[in-house]
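Engineer: The primary structure of each chain is shown beneath.
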Amino acid sequence: MKAGITADWRPTTSLEVLKLRARLLERIRAFFAARGVLEVETPILSAATVTDPALSSLVSRYTGPVFPQGQTFYLHTSPESPMKRLLAAGSGPIYQISKVFRDGETGRLHNPEFTLLEWYRPGLDHHRLMDETGELVTLLLEPHYPLEPTERLSYREAFQHHVNLDPLTASINDFAAAAKAWQISRPEDQLAQNDLDTWRDLLWTHVIEPKLGQGRLTFIYDYPATQASLARIYPGDPPVAARFELYVNGIELANGFHELADPREQRARFVEQLRTRAASGLPVVTMDERLLAALEAGLPDCAGVALGFDRLVMLAQGARAIRDVIAFPFDRA
Amino acid sequence: MASYSTNEFKSGLKVMLDGDPAVIVDNEFVKPGKGQAFNRVRIRNLKTGRVIERTFKSGESMEAADVLDVEMQFLYNDGQFWHFMNPDSYEQLAADKNAVGDNAKWLKEQDVCIITLWNGVPLAVEPPNTVTLKIVETDPGVRGDTSGGGGKPATLETGAVVRVPLFVQNGEAIKVNTRTGEYVSRA
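These protein sequences, in sequence, are chains R and H.
Quick note, the first sequence lines up with residues 10 to 342 if you use this note's numbering.
Quick note, the second sequence lines up with residues 324 to 510 if you use this note's numbering.
Among the hints, a few may not be true.
Think about it this way: if two alpha-carbon atoms lie no more than 30 Å apart in a straight line, the pair counts; the simulated DSSO-like pairs of lysine-lysine are [stated by the list, open to error]:
no.: 1; chain 1: R; residue 1: Lys220; chain 2: H; residue 2: Lys333
no.: 2; chain 1: R; residue 1: Lys189; chain 2: H; residue 2: Lys333
no.: 3; chain 1: R; residue 1: Lys189; chain 2: H; residue 2: Lys337
no.: 4; chain 1: H; residue 1: Lys337; chain 2: H; residue 2: Lys457
no.: 5; chain 1: H; residue 1: Lys333; chain 2: H; residue 2: Lys370
no.: 6; chain 1: R; residue 1: Lys108; chain 2: H; residue 2: Lys333
no.: 7; chain 1: H; residue 1: Lys370; chain 2: H; residue 2: Lys428
no.: 8; chain 1: H; residue 1: Lys498; chain 2: R; residue 2: Lys189
For each label pair, taking beta carbons as the anchor points, the in silico distance ranges come out as [claimed, not checked]:
no.: 9; chain 1: R; residue 1: Gly113; chain 2: H; residue 2: Gly342; range: 27 to 37 Å
no.: 10; chain 1: R; residue 1: Leu148; chain 2: H; residue 2: Asp389; range: 49 to 59 Å
no.: 11; chain 1: H; residue 1: Ser508; chain 2: R; residue 2: Ser289; range: 50 to 60 Å
no.: 12; chain 1: R; residue 1: Asn203; chain 2: H; residue 2: Gln433; range: 36 to 46 Å
no.: 13; chain 1: R; residue 1: Gly224; chain 2: H; residue 2: Arg373; range: 54 to 64 Å
Worth flagging that the hints you see were computed from the coordinates, not collected in a lab.
Backbone N, C-alpha and C define an ideal beta-carbon position, used for all residues, glycine too.
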């Protein structure tokens, strides 16, 4: 008997959890069917990928007809780009449940391959999409435990409430002082020490996030413009990104945008992100020209959101780690 | 100097922390979906025993501690130092109270322990998982009592006190789990 080796074939989840996953998927599909949102499927292998420096794509290679010399394909980090191409082509409201891939992300709440529910609503802004996201998540979690009324806080309010600091106007020194007060050690490299968003993320993940959504759904909206990702930026003083996140029991569950539709602004952000990647020594990836062409053709005014399905199962089950709700997590794949 | 990047962090890894050798107790990967990844690490300073929390931006690294785990046989305690010998080379060294700590009560002559060395100096002494020790003092068990019930305290030859079942008697040798401090069986 080779003990230790032979145990690896087994799933890490119970049959009960597998049934819960199936039941939640069924309820999600019924929810969207009743609202006339169309289920779609888009490619997992993509010729281009996200430029966001915070995301690393896994890379695969195809060799054969069409590409006899071989061609790089990225495993998508989310189906955002092809879903927007469908919207631009006139699909109307759509949703997708698919496996997505992120290089370098393994931990209690991360598996490099995970299931994402993503949907888009033409005609809605991010506040109206928060309404719908709240309805869906409440419907899915309520049978498992009672929920306090849903709350909404701006990023700024959450920061002021928990850290007593205005994240949109604070200086590097203010952030450093707050981190010190919370006994968080500062990042060592100079680049990070001079980057406001690294400080925001540091305090956010260490102090604020664990307190959000205790026994309830907490939506955070209006992010710093530098954390806009693919969201519109609303003018103001200071301007903010039309982006939201949903937290339940300290877990980041969903991220949504009032989607940026301006192709020139989108191209400028891609170029800027590629410049940041190059400066940080990250792989410089292929920019998504097909998405830009779709925006040129015209993306309907819409909001979209992506929700981590495995984390939703964790919350419904009361599981501590993502590996407890995935039949074969990364180390058993 | 060798170093470990955050991707190599895991519990048990020996690193240098502010000039002292240390061991990673716990490593958590945290990352906002659209933001910077961090490793929140709890580290125990091997010289002071203090555990502190430290955060690293993913991609940063820590210097590796030049520590070595060696198996050595425990020889004797002279009242101040615990003396160990390498069974292959017969090389001897002495560990002080800091290095031995609470584990002193499990050390029995000739048992093989794991000694963590830093620059040749013993930092920590780990006894075997299970040791066999003789009972030097315990109350006589009540007749007719078997293994159940709450047991009774027994003092062992090294001075350790463990709870044993009532049927175990003075002068008997028993096996004890040194990680939990619990009675395992009669030897």
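Engineer: Please go over all the hints and tell whether each is borne out by the structure.
Structural biologist: Hints, verified against the model:
1. Lys220(R) - Lys333(H): Between Lys220(R) and Lys333(H) the Cα gap is close to 26 Å, so the pair holds against 30 Å.
2. Lys189(R) - Lys333(H): holds, 25 Å
3. Lys189(R) - Lys337(H): holds, 26 Å
4. Lys337(H) - Lys457(H): violated, 35 Å
5. Lys333(H) - Lys370(H): holds, 20 Å
6. Lys108(R) - Lys333(H): Since the Cα atoms of Lys108(R) and Lys333(H) sit roughly 27 Å apart, the hinted pair holds (cutoff 30 Å).
7. Lys370(H) - Lys428(H): holds, 20 Å
8. Lys498(H) - Lys189(R): violated, 48 Å
9. Gly113(R) - Gly342(H): 27 to 37 Å: holds, 30 Å
10. Leu148(R) - Asp389(H): 49 to 59 Å: 57 Å Cβ-Cβ, so the 49 to 59 Å window holds.
11. Ser508(H) - Ser289(R): 50 to 60 Å: Roughly 58 Å apart at Cβ, these two residues keep to the hinted range, so it holds.
12. Asn203(R) - Gln433(H): 36 to 46 Å: violated, 59 Å
13. Gly224(R) - Arg373(H): 54 to 64 Å: Violated: the Cβ-Cβ distance is about 35 Å, outside 54 to 64 Å.
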